[in-house]
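*Asks:* Sequences listed follow chains A and B, in order.
First residue of the first sequence: 1, per the numbering used here; consecutive thereafter.
First residue of the second sequence: 1001, per the numbering used here; consecutive thereafter.
It is possible that part of the hints are untrue.
[As the list claims (entries may be wrong)] Derived pair list, reagent style BS3-like, types lysine-lysine, alpha-carbon separation capped at 30 Å:
{"hint": "1", "chain 1": "B", "residue 1": "1586", "chain 2": "A", "residue 2": "120"}
{"hint": "2", "chain 1": "A", "residue 1": "120", "chain 2": "B", "residue 2": "1569"}
{"hint": "3", "chain 1": "A", "residue 1": "36", "chain 2": "A", "residue 2": "120"}
{"hint": "4", "chain 1": "A", "residue 1": "93", "chain 2": "B", "residue 2": "1045"}
{"hint": "5", "chain 1": "B", "residue 1": "1586", "chain 2": "A", "residue 2": "93"}
{"hint": "6", "chain 1": "B", "residue 1": "1532", "chain 2": "B", "residue 2": "1569"}
{"hint": "7", "chain 1": "A", "residue 1": "36", "chain 2": "A", "residue 2": "9"}
[Stated by the list, open to error] Partial pick of chain A residues on the chain B-facing surface, computed with a CB cut under 7 Å:
{"hint": "8", "residue": "3"}
{"hint": "9", "residue": "6"}
{"hint": "10", "residue": "112"}
{"hint": "11", "residue": "170"}
{"hint": "12", "residue": "178"}
{"hint": "13", "residue": "181"}
{"hint": "14", "residue": "220"}
Simulated from the structure, these hints should not be mistaken for lab results.
Even glycine gets a Cβ: it sits at the ideal position worked out from N, Cα and C.
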Amino acid sequence: MKTPRIRHKLASHTGSANVAVFDTTGDYVFSGGQDKRIVLSNAGSGQPVQSYEGHGWAVQGIAVSADGGQMASCGGDRLVFVWDIGTAQISRKLVGHQQRVDCVAVNASGSVVASGSFDKTVCIWDLRAAPRTPLQVLRESRDGVSSLAMTDSEIISGSIDGCVRTYDMRMGRMLEDSLGSPVVAASIADRAGRLLVVGCMDSTVQLLDRRGGNGSGSTVVATFTGHRCAEYRIRCDASDAVVASGSEDGFVYVWSAVCGGGDGDSGGGRQHASRLAGHAGIVNGVMLHPQSGTGSANDGVMVSAGSDGNVIVWE
Amino acid sequence: MAKRQYDSERGQRTDDFPDANDRVDYIYVGTEFQSPQEQRRRELKGRRGQWDDKPKDYSRDAFKGGFSAGYFGTVGSKEGWRPSAEFVSSRGSRAQLRQLRPEDYMDAEDLADLQASQSITVNSAFDGAGQLESGVTRALDDGGGAGYAGVVGAVAEMLASELGAVQICNNRVGDRIMAVMGWKPGQGVGPLTRDAGHPAGGMGGTVSLLPPRPVPTASAALKQDWHGIGYGVDLNTLPADAEDSSDGPLLPLLGTLFKRKPASASGSAKRTPGADSGKSVKAGRTKQQQQQKKVDRQRLSFGVFDDDDDDDADYNSGGGYIAGRSTAPSKSVGSELGDSDPPPSQLARLASEAPARPAARQALMPGITHCHDDRPPLPGFTLFAPIEPATGPYEGPSVPSTFTGIRRPAASRWDAVPATGSESRLGDRGGGGSRSRPTLVTANDRAQLGIMEAARKPPPPPPPRGQQVSQAIVDTETARAALEGFMPYSSDPARQARYRRYLEQCAAGSGLDGVVSADEEAEFSHMARIFKPNTAMLSRFATAGSSLDADSGSRSGGSGEGERRGRRKEVARTVHEWAPHQLLCKRMGLPAPANAAPLKEAAAPESGRPRRMRAADFIQLDSGNMPLVMANDAHTSPTDRAGTTKRPDMALFQSIFGDGDGSDRHEDKV
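Looking at chain B on its own, in the form it has when it is part of the complex:
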């Protein structure tokens, strides 16, 4: 190729114009001048408005003043205006830019009014104390709430599990914050605790770490009424041995549950809370002390008044304490404390008033005497094993053998149609009933389908040589096709080789001998499925040696023309009605088809005028016709507009609205 020469003198490439005659010394720049005709015409148009014979041009605008520069009164100037380029951020100085608030404009009176109209309330989400009445949830949170007043710790959890109430209390913001930090309702707060003694946790001597038990909060039920303490209870009706009386409402019962045994000389080392329920601890108590005890019982506090007792020292008696909850008096209780057995009547009354429990729990393994926090269970409660789900899922009630189901075949609309005799011809089986799809497939066919379905997949190859062989995830056809397709991992040839080898093994149907690891195999199978090419796409890249074409190629070699054509790809075709214009057919020299658009009669005057709005469009001189908005041309589309218009004479309009001389000649310029 000749080297490109550049004619710097003329600014042209020389090999564009090898002939020197073709190079020009000039190029056109700018808009071209109008022809002299047009210049004259413009001149004439300008002069048309001359009303007097003065030579100067007469402007009909009523402007009498002078001109002013456009920038008067603005920022600009004769030289122009440029904005200052720097942008100063006020981000740092926002503090100084303090906006005035409405409060700045108010005097003391207004401020007082404003504050009087506002009221400050506690946000319910942050109001911890207000949640006391939420019942179980509260009990679950902190292990001791007023809903189960006095129920603490492990007992609360047992209750909760019984009731099935596993609710996450998210009413309080504090709980939510703790939940975000990993706390779960029912846990305590603190480092994980060891649980060496629990048999369920860990095997052998391993130590399991459990979250700490929640600290039971001592809280009291809010007093909802205006009564004084002791309202409704007549102290005088209480029996003399006040400790075991259970008359009246719940309050005394609670007192008996959690009352500490008063100091007695004999049993000072063995105090148990609540152990003296149903027992008369008369020894060592004066009448006044008993009276005081009565009063104390009304109050809903536990153990507070027995300062002489040491709580911890009492927790050395194991076994279950069944106070008021079972019929059998606990021998151990009596024996330990040396007190007389509670009167059976008291116990029976307590038992009857207690809520009925479901079946007794199994006790824990006998070695376990303490709860998780190494304390004996609270008086009145026993340790028990959680209920195991007995025998698997619940199977439901047994269905009687006479039950056949409630489904009725839906009445088909064809049930009412009388038989026409064509059922046999059409293979209709039996009258009535709704047709369901399975009935259209005969039993034979279904069996055949089943056989074909089963036969479609080749049986998995036996694992060779007793090695552990994984089943190929990719089936043989996919592997074979994927081998033809795109090979990924082009940047990692070793991986590509492994991929290829994997595919070859899959295609061969033999078991994989562990060339790829399990996760790589999953990835390879995924890749194989992705990159398995469609045969349609494959045709674009088909080479002479493509194995996928081997079948079709061999067939086409010897087949005839018809068979070949039958396998060619057919292109979807739709046929539409199309109406050629009659004039088009005429120009093409063809006979017009039946649906050709009719030829429009001349409208010859309009042929020179395309879609300009004309007065005829707006004025209705003919009474009956509607004016057309758009001009009706001889060459418009075949779809006819509604109706035709009779236009008045063009000469009439030109005389009225006259364009004068030759304005329509503008249309010649395109």
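Looking at chain A on its own, in the form it has when it is part of the complex:
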């Protein structure tokens, strides 16, 4: 695994850059920051393309639909905006949360938006209608919802109460996996949708195998440590090859995800993390290229957002 190096360093935001995501193709980077703006930049050239203004408070989460036409963003102003990416217009303002909205996820077809908030709810919005109220409100979480992920049939929410809840819409049930410590990041790690990468506030990144047996829960496949996540929400991402996470100490940590090294307790600990320097503040989150893990040329490409306002594209 070669050490990533900085491809572009984009000084996109005044203040902290809270979130940075790739779009589906991986050619563009959306970054949202403290300055209430979302900046669309070209990942290849590093040039900013478009700026989306409209939020009344800091932008906390961005999700891009699969077709690349719509984007959902959420922020501290308790709103979820649905943008039309091309025209940079707001097509929906979804009102319903009582506290800041921390995470947002869009399904592949762009018809459903799920937003998780500090008010312990996950609101599901129907974009085909003109919604005034959420389509469904999930209130099972006992503390703020910090991260959301959406697959074809499931909504996975990670919450500060330490649980990763999988809402299975096909089966009509909710699976609640209780990890020990607050969960700040949860996303699907592999293509099969079987592994979940979860960042916890005990400074660990855990890979969970979601398909538990009958009655048994998911198993921790690997644990990655070395970074520091104890006070802030630090996002992480994983593919079939690497696991990457931000950290409060200013480095981007990258581990090899190849789990030949042993069981969950000690195997992950033996993986040495590569620490990538480049940010000046805490690294709020890392996202891997959507095509990483397939052996393509974009295999090691990542984007990271730091609290210094820089968004760094690594390769």
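Using the hints provided, position chain B relative to the given structure of chain A.
*Replies:* For chain B alone, coordinates are given in the frame of chain A:
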């Protein structure tokens, strides 16, 4: 990294906007203007209330006066008001700030009334004299109380120890104050006294310091009755030799105990108080003196009338004086004083009237003749050794051999259940009786457990080389684990080295060779127990060379996938029923599960109106239906509210309560 430039002209950092086109010359400050539509709308709304064609704005409020400044009538002024900054404390001048009390408003009559209604009593805690009737406690305090009238000093303590009455008298404030200062009941007050003569105190010639004996207070029993002195006793019935008569109540007996021997020419040097009980001291006494003695006897004072005697001079006769307390007349008494022996009848009577004592005490060692205050014991008392607890704890009565105990096995509810034949299959042993836990463990198992229990701990290591070696408090596993964990005493490297060495020795199982002192060892063992890391936590800090992982690592290297997965940490999972909304499933393109919330039919007119209260909520035009308080939306939660409502036509309501033009367009603004 490029140096941050600051464009002072524009007030922006240049490297945020490297492209000069992006820098703007203006920033938005303040609230933005409303759109012209809104401005017009507001204007229209304002004009709606125009009733006449006068151009001026017509206010419907009925205010006809002018405005006044808000500060009229207050402290403030046009410039404002600021409080004075200084705070002046009245702490020092409280004496001057004397508050008026009710008494200041009362005249002499009122004051007299007030005082008449008040009564002053003595606080019982401070009332020392009122405690006389508290019996033993009083006797214990001062060594002489009316409860045992005339009993003083050491005798009181003996009595108290016999009666087992060890009470701390805290009824009086003075006692409590003294107790705080270190006094104990039964002590005297004063500097510690030497006790050279007491064999129990000190060995050899060492001197022991004892608190002083309490000073016996001479107190008299309060007279509880209204009789005169001598009431009930007919002086004429007293025998002529009045000194040894013991007729009547206790009073004469006391008199005989403590009466001084009157001055006699022969025995003036050897006076003992009470020695003349039962003796007739006729010599030297006139009849009148005897009569006077009789009278004196009634009075409850002792020794007061024999002024010619010197108390101290009498205390030179040792031995026990048994006056009226034993059957054997004391030879020494008679011989010393030269008096005739008391008549046996008197002694017998005294003996019979005295309270029965338990078994005789052992006398002290013969060398001891005096009490602790170097005075001979009072007449009528002997020195004795305190009772030693004889042979250890009391073992209780002997249990007869036929006794088997009173416990009956509790009737179990399963006793009545008939046997179904499955007991053998299930390993049920014997019918009936309550099952207790030990019966579930067979004897074999129990023996096995015992063996395993004994085998768990390694035998303690033999002390090497005959040195005095202390057993390690920390066992080997803990020590080994603690060596991996956090090392305390980071500020004291020598101590940390000692700690580490101690742990290594404990882990190795060898005896400690005194590298640490005993108290340090205790502290180190405590530290080891605290800082011994859990394996769960250890996994976070596991390094490649961690020895605790050596076992699991070696196992995982060659094991298969299944075994590896079996040892992975499982996350607790609970499964809950969750009903996704049908519309959600439809949007996601999934078949709805069985428990999906049903799709709500349109209620299309409401879709544009969220939770605003409407007249339909309150008015019941349909007889049968209950109004709903909250609006029923197409997108509410799947849990159905009770019942549905048939709403009347919206147009009907709009015509009645009409909002006029376009007020619902406000909802478009979010």
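*Asks:* Could you run down the list of hints and mark each one as holding or not?
*Replies:* Hints and how they fare:
Between residue 1586 of chain B and residue 120 of chain A the CA atoms are separated by roughly 25 Å; this keeps the pair inside 30 Å, and the hint holds. Between the alpha carbons of residue 120 of chain A and residue 1569 of chain B the distance comes to roughly 27 Å, so the proposed pair stays at or under 30 Å and holds. Distance check on the hinted pair: residue 36 of chain A and residue 120 of chain A sit about 23 Å apart at the alpha-carbon level, within 30 Å; holds. Among the hinted pairs, residue 93 of chain A with residue 1045 of chain B is consistent with the structure: their alpha-carbon atoms are about 28 Å apart, no more than 30 Å.
Restraint check for residue 1586 of chain B and residue 93 of chain A: satisfied, since their Cα atoms lie roughly 22 Å apart, inside the 30 Å limit. A threshold of 30 Å between alpha carbons decides the hint, and for residue 1532 of chain B with residue 1569 of chain B the separation of about 21 Å falls inside it, so the pair holds. Under the criterion of a C-alpha separation no larger than 30 Å, the hint pairing residue 36 of chain A with residue 9 of chain A is consistent with the structure, at around 20 Å. Because the beta carbon of residue 3 of chain A sits about 20 Å from the nearest beta carbon in chain B, more than 7 Å, this interface hint is broken.
At about 11 Å, the closest approach between the beta carbon of residue 6 of chain A and any beta carbon in chain B exceeds 7 Å, and the interface hint on this residue is violated. About 5 Å separates the beta-carbon of residue 112 of chain A from the nearest beta-carbon of chain B, less than 7 Å, and the hint is met. About 5 Å separates the beta-carbon of residue 170 of chain A from the nearest beta-carbon of chain B, less than 7 Å, and the hint is met. The interface hint given for residue 178 of chain A is met, as the beta carbon of that residue sits about 5 Å from the closest beta carbon of chain B, less than 7 Å.
Nearest Cβ of chain B to the Cβ of residue 181 of chain A: about 11 Å, over the 7 Å cut. The hint is violated. For residue 220 of chain A, the interface hint holds, the least distance from its beta-carbon to any beta-carbon of chain B being 4 Å, beneath 7 Å.
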